[in-house]
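Participant: Given the coordinates of chain A, work out where chain B with the ligands should sit on it, guided by the hints.
Below, each chain spelled out in residue letters.
2 protein chains.
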Amino acid sequence: MQYMRSTMMQTPLLISRILQHGATVHGDSEVVTWAGADGRHTSYAEVGRQAARLAHALHDDLGVTGDERVGTLMWNNAEHLIAYLAVPSMGAVLHTLNLRLFPEQLIYIANHAEDRVVIVDSTLIPLLAGVLPHLTTIRHIVVVGDGDASKLSKDGVEVHRWDALLDGKPDTYDWPAVDEHDAAALCYTSGTTGNPKGVAYSHRSIYLHSMEVCMAESFGLGPKVRDLCIVPMFHAMAWGLPYAAMMSGASLIMPDRFLQAAPLAQMIATEKPTFAGAVPTIFTDLLAYLDANPTDTSSLKEVVIGGSACPPALMHAYSERHGIEVIHAWGMTEMSPLGSVAREPSGVDGAEAWAYRYTQGRLPAGVEGRIVGPTGEVMPNDGTAVGELQVRGPWITAQYIGEDGPDPDKFEDGWLRTGDVGTLSPNGYLTLTDRAKDVIKSGGEWISSVDLENALMAHPAVLEACVVGVPDDKWGERPLATIVLREGASADAGTLRDFLADKVARWQLPERWSFIEAVPKTSVGKFDKKRVRADYADGGLEVVQING
Amino acid sequence: MQYMRSTMMQTPLLISRILQHGATVHGDSEVVTWAGADGRHTSYAEVGRQAARLAHALHDDLGVTGDERVGTLMWNNAEHLIAYLAVPSMGAVLHTLNLRLFPEQLIYIANHAEDRVVIVDSTLIPLLAGVLPHLTTIRHIVVVGDGDASKLSKDGVEVHRWDALLDGKPDTYDWPAVDEHDAAALCYTSGTTGNPKGVAYSHRSIYLHSMEVCMAESFGLGPKVRDLCIVPMFHAMAWGLPYAAMMSGASLIMPDRFLQAAPLAQMIATEKPTFAGAVPTIFTDLLAYLDANPTDTSSLKEVVIGGSACPPALMHAYSERHGIEVIHAWGMTEMSPLGSVAREPSGVDGAEAWAYRYTQGRLPAGVEGRIVGPTGEVMPNDGTAVGELQVRGPWITAQYIGEDGPDPDKFEDGWLRTGDVGTLSPNGYLTLTDRAKDVIKSGGEWISSVDLENALMAHPAVLEACVVGVPDDKWGERPLATIVLREGASADAGTLRDFLADKVARWQLPERWSFIEAVPKTSVGKFDKKRVRADYADGGLEVVQING
Ligand SMILES: Nc1ncnc2c1ncn2[C@@H]1O[C@H](COP(=O)(O)OP(=O)(O)OP(=O)(O)O)[C@@H](O)[C@H]1O
Ligand SMILES: Nc1ncnc2c1ncn2[C@@H]1O[C@H](COP(=O)(O)OP(=O)(O)OP(=O)(O)O)[C@@H](O)[C@H]1O
Ligand SMILES: [Mg+2]
Ligand SMILES: [Mg+2]
Numbered sequence: 001m002q003y004m005r006s007t008m009m010q011t012p013l014l015i016s017r018i019l020q021h022g023a024t025v026h027g028d029s030e031v032v033t034w035a036g037a038d039g040r041h042t043s044y045a046e047v048g049r050q051a052a053r054l055a056h057a058l059h060d061d062l063g064v065t066g067d068e069r070v071g072t073l074m075w076n077n078a079e080h081l082i083a084y085l086a087v088p089s090m091g092a093v094l095h096t097l098n099l100r101l102f103p104e105q106l107i108y109i110a111n112h113a114e115d116r117v118v119i120v121d122s123t124l125i126p127l128l129a130g131v132l133p134h135l136t137t138i139r140h141i142v143v144v145g146d147g148d149a150s151k152l153s154k155d156g157v158e159v160h161r162w163d164a165l166l167d168g169k170p171d172t173y174d175w176p177a178v179d180e181h182d183a184a185a186l187c188y189t190s191g192t193t194g195n196p197k198g199v200a201y202s203h204r205s206i207y208l209h210s211m212e213v214c215m216a217e218s219f220g221l222g223p224k225v226r227d228l229c230i231v232p233m234f235h236a237m238a239w240g241l242p243y244a245a246m247m248s249g250a251s252l253i254m255p256d257r258f259l260q261a262a263p264l265a266q267m268i269a270t271e272k273p274t275f276a277g278a279v280p281t282i283f284t285d286l287l288a289y290l291d292a293n294p295t296d297t298s299s300l301k302e303v304v305i306g307g308s309a310c311p312p313a314l315m316h317a318y319s320e321r322h323g324i325e326v327i328h329a330w331g332m333t334e335m336s337p338l339g340s341v342a343r344e345p346s347g348v349d350g351a352e353a354w355a356y357r358y359t360q361g362r363l364p365a366g367v368e369g370r371i372v373g374p375t376g377e378v379m380p381n382d383g384t385a386v387g388e389l390q391v392r393g394p395w396i397t398a399q400y401i402g403e404d405g406p407d408p409d410k411f412e413d414g415w416l417r418t419g420d421v422g423t424l425s426p427n428g429y430l431t432l433t434d435r436a437k438d439v440i441k442s443g444g445e446w447i448s449s450v451d452l453e454n455a456l457m458a459h460p461a462v463l464e465a466c467v468v469g470v471p472d473d474k475w476g477e478r479p480l481a482t483i484v485l486r487e488g489a490s491a492d493a494g495t496l497r498d499f500l501a502d503k504v505a506r507w508q509l510p511e512r513w514s515f516i517e518a519v520p521k522t523s524v525g526k527f528d529k530k531r532v533r534a535d536y537a538d539g540g541l542e543v544v545q546i547n548g
Numbered sequence: 001m002q003y004m005r006s007t008m009m010q011t012p013l014l015i016s017r018i019l020q021h022g023a024t025v026h027g028d029s030e031v032v033t034w035a036g037a038d039g040r041h042t043s044y045a046e047v048g049r050q051a052a053r054l055a056h057a058l059h060d061d062l063g064v065t066g067d068e069r070v071g072t073l074m075w076n077n078a079e080h081l082i083a084y085l086a087v088p089s090m091g092a093v094l095h096t097l098n099l100r101l102f103p104e105q106l107i108y109i110a111n112h113a114e115d116r117v118v119i120v121d122s123t124l125i126p127l128l129a130g131v132l133p134h135l136t137t138i139r140h141i142v143v144v145g146d147g148d149a150s151k152l153s154k155d156g157v158e159v160h161r162w163d164a165l166l167d168g169k170p171d172t173y174d175w176p177a178v179d180e181h182d183a184a185a186l187c188y189t190s191g192t193t194g195n196p197k198g199v200a201y202s203h204r205s206i207y208l209h210s211m212e213v214c215m216a217e218s219f220g221l222g223p224k225v226r227d228l229c230i231v232p233m234f235h236a237m238a239w240g241l242p243y244a245a246m247m248s249g250a251s252l253i254m255p256d257r258f259l260q261a262a263p264l265a266q267m268i269a270t271e272k273p274t275f276a277g278a279v280p281t282i283f284t285d286l287l288a289y290l291d292a293n294p295t296d297t298s299s300l301k302e303v304v305i306g307g308s309a310c311p312p313a314l315m316h317a318y319s320e321r322h323g324i325e326v327i328h329a330w331g332m333t334e335m336s337p338l339g340s341v342a343r344e345p346s347g348v349d350g351a352e353a354w355a356y357r358y359t360q361g362r363l364p365a366g367v368e369g370r371i372v373g374p375t376g377e378v379m380p381n382d383g384t385a386v387g388e389l390q391v392r393g394p395w396i397t398a399q400y401i402g403e404d405g406p407d408p409d410k411f412e413d414g415w416l417r418t419g420d421v422g423t424l425s426p427n428g429y430l431t432l433t434d435r436a437k438d439v440i441k442s443g444g445e446w447i448s449s450v451d452l453e454n455a456l457m458a459h460p461a462v463l464e465a466c467v468v469g470v471p472d473d474k475w476g477e478r479p480l481a482t483i484v485l486r487e488g489a490s491a492d493a494g495t496l497r498d499f500l501a502d503k504v505a506r507w508q509l510p511e512r513w514s515f516i517e518a519v520p521k522t523s524v525g526k527f528d529k530k531r532v533r534a535d536y537a538d539g540g541l542e543v544v545q546i547n548g
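Residue numbers (full-length UniProt numbering), protein chains in the order written: chain A, 1 to 548; chain B, 1 to 548.
What you were told as hints is all true, and nothing was included just to trick you.
Residues on chain A that point at chain B, a partial pick, calculated with CB under 7 Å:
hint : residue
1    : T11
2    : D67
3    : V93
4    : H181
5    : S202
6    : M215
7    : S248
8    : P345
9    : Q399
10   : I401
If you want a taste of the chain B side facing chain A, the calculated C-beta under 10 Å gives, among others:
hint : residue
11   : V25
12   : D28
13   : R69
14   : L186
15   : S202
16   : L208
17   : M246
18   : S336
19   : P345
20   : G347
21   : I396
22   : Y400
23   : G428
Keep in mind the hints are simulated off the structure, nothing from the lab. Note that the structure is predicted; figures quoted are calculated from it, not measured. The beta carbon of each residue, even a glycine, is placed where N, CA and C say it ideally should be.
This is chain A alone, in the form it adopts within the complex (with noise of 0.2 Å):
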């Protein structure tokens, strides 16, 4: 006999399969788009249709034959989500343009990508036009509703009407045999120092990484989910879950631009999702509003928080006070996002179940993970010892878009370095104390900003708190606390300076506090730390300071 090969079928994973598998076998699930008042119900067989009207459309009338990038500036809707599905699939690549840059970067990314058609949301039009004279490579701009799109003129850049350009096309198409490891989608990270740097995931490394969000360790998606997907679709693919949710046949509910707290507890009165998925701010507010404004959310049974450390009291007050369980997850833009999600291990409850779900949560298979010291040393996944978490995996990034080769700086001997300090347990649970900008250097010491905010949110007078390393003469850094308090609360330093002296070591009790009206928030909603520093660097901060 000669050498074995396997007999099994190579049948690449691709978008193309997910969509047919949805718009068929799930064809009567649903994606709901939130118009304000109510929402409009589009099913999954229809968004079949509609996304092979839109690879006709992109094809015949606007010329996209191979791996042009297709990029897109919109909320989280219908149509987004049918680009999605067709530009992958007809083997062109999508390009998620996040709203929330700042227009040089919007500017950046879009002529890095070399975006040849932009959809945008004629809600957004405004945005595009704005940043449209410097888009060097953009020739069609696809306009979604029927707002004035008189501003977006531009030599050499032929505007359409969504619909009329969907109108008449055939309803099926026949999706290449692209190869699996071709670029699917691109995401540029929001760059919080220097360029936005981009990643461009596979048609299977999106296909893997849907299989893992179904999986029930994971996010358990499946035909019977209704899930509100708030996380926004130009950010890390809004964690995989519109791909995941075709793939599974659970129905999903968009926001599009209603994202604050009043319309999203409409949303779920309205539309009973099962599950949910947001960073940290945007379920604080709507905890504040849900206190507030008694809403039906008895549909509403797990939340998914991710993208920044989710604040135990958080947890503790949505499970108690509404009954929905939140599921801390980790992840990266560079790791399609998913990396960990925090589900206590079988046989523990009470509060040792409690802390494990504090955690930033269970590496799954597919993502392998390792501590790194800081002299590049391999260090034991042993709960304790604290170093750089290192990850690599079939959904995780070997490199940015553009560059020659992995940057040494953040990819190490195929590992990506996360950027991300914290421990590793030995059953894979993994706690991150900060990022490694953000570590607060005191006296040769670490302190963790976010054991300090954890602790602080605790209180309940305060909103939310951020905690950033400022310059000390003495100790080289220190840390200051930013304080937002609830509204109609208050709490002077002292109370609570006094409330964290018996939960965290006293040599890392801040001295340097400040009162403010709101946290700064980056493009996708987190605490802007960088920004918070640079406030207190120029004096725009009210600081008190008290000594121990």
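Facilitator: Showing chain B with the ligands alone in chain A's frame:
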């Protein structure tokens, strides 16, 4: 910008990753091997160490260096799990030998696969000794357990003891980076006609299939699941449950050779599985036992029944009398084996939900199906058009081992011809009426033997009913109903025929009835219809004739 490739890591999908993940992150999960009175517990961390030792022993002592085949002649137990993981991870190929095959078939498959090593449970030494003189490629036998091995002597064959071989070997192994498309494991179908035919699963197909098994809509394996793995590891990879368990941290309860209802009930009461899977006959026996012998089955929430059509009456009996939900599933050795799982869609309940649960199940994204009519035309998925089911996907075989290419009787244009006849509904549910070779052709019309069986098995006096087509002068073929009555129950042919009268069309009612002690079973516990037809032809059945 040049042609856009993805930036993702091209991490191969390997069994060594499943092993390493299970042995570390899920090191506290366990495999329990039933030993007659109680269970022997081994942690996944220990499984990982033993797998490394086994790989060293095979490599260093037995000279397994490439893709040589390592056969297993074993029950479901911890050592079999260790072989499942170690052999493919080291780059060799696992071949699970079906210990219930006829000796000629066993000899045929071991020689056809060119097995070089066989690992054998000491309780199976007599079986191996019987065929050993005819096994032409075996050089090493590894005996697990301490039975007398003196019968295994043969020139050119060395006999080793598992414990001695593994003793002192390192408990880590530098698993090679094999190609994900390489063969990982072989399985031969039982070969109802002619010689058995083998398929070679790849690392990739097993990895993807394992993810599928963990998806919520499939079997939903995860760390809190305790799987009573009744379905034999020598048949269709035990439905992929061992690999999926290591991937997800589900614990495994292995019955070893104790497959009768009484010990299975004891395992349930003692080891508290939450989940189990087996063919209908096993669950039919177990039901009779549980009805007669009150047993604590409270841990068991869900059991999957597949491999043959599951009678609806069996599903209701478990649900109503024991609070255990039966999930019907369909698959084939050629499909790794998972094809479809019958969970009802969203938004239905009561009788409508049950109707979905009676079907063979819903196809997942990884299994594409179509119905093909007798003249080769593709028929609509309308739930009505009956034809042969064809499937394709990344864990489905493209041909049989050792054949030059796909046999046109079994494969067509990249699709596997399943030999199963039925319908596909628009929302992806498969309903099988029969195997092509079991369909009863009566005067130009088809009668489904499965429908008749299901209707008969709903009668309280009937334990098992097996219906086959037999020659008939007037109609070409007519159904023969062979009936096994429950202990102590009585019913005659007239009663049963009357019972059927309002359940199937009048012209389908069988005229020929035979009351038998037991339905003959195949090597994997399915009704052996070939045997039943042969028994009838030979005059070996006592037949009552009733005309309507
Ligand atoms: N559950 C979590 N707990 C703590 N930090 C988290 C969590 N989830 C995500 N993060 C942080 O978010 C990072 C990934 O975020 P993302 O890819 O969305 O962009 P970003 O890193 O915030 O932006 P940029 O890379 O442009 O600076 C992680 O590296 C980690 O620092
Ligand atoms: N839920 C089910 N309902 C009806 N039939 C089923 C079901 N599950 C499996 N089968 C039957 O079992 C077949 C696959 O079985 P398997 O691969 O275990 O070996 P086999 O086909 O029985 O044996 P051989 O191929 O050697 O004849 C399917 O093709 C189908 O006919
Ligand atoms: Mg980042
Ligand atoms: Mg078969």
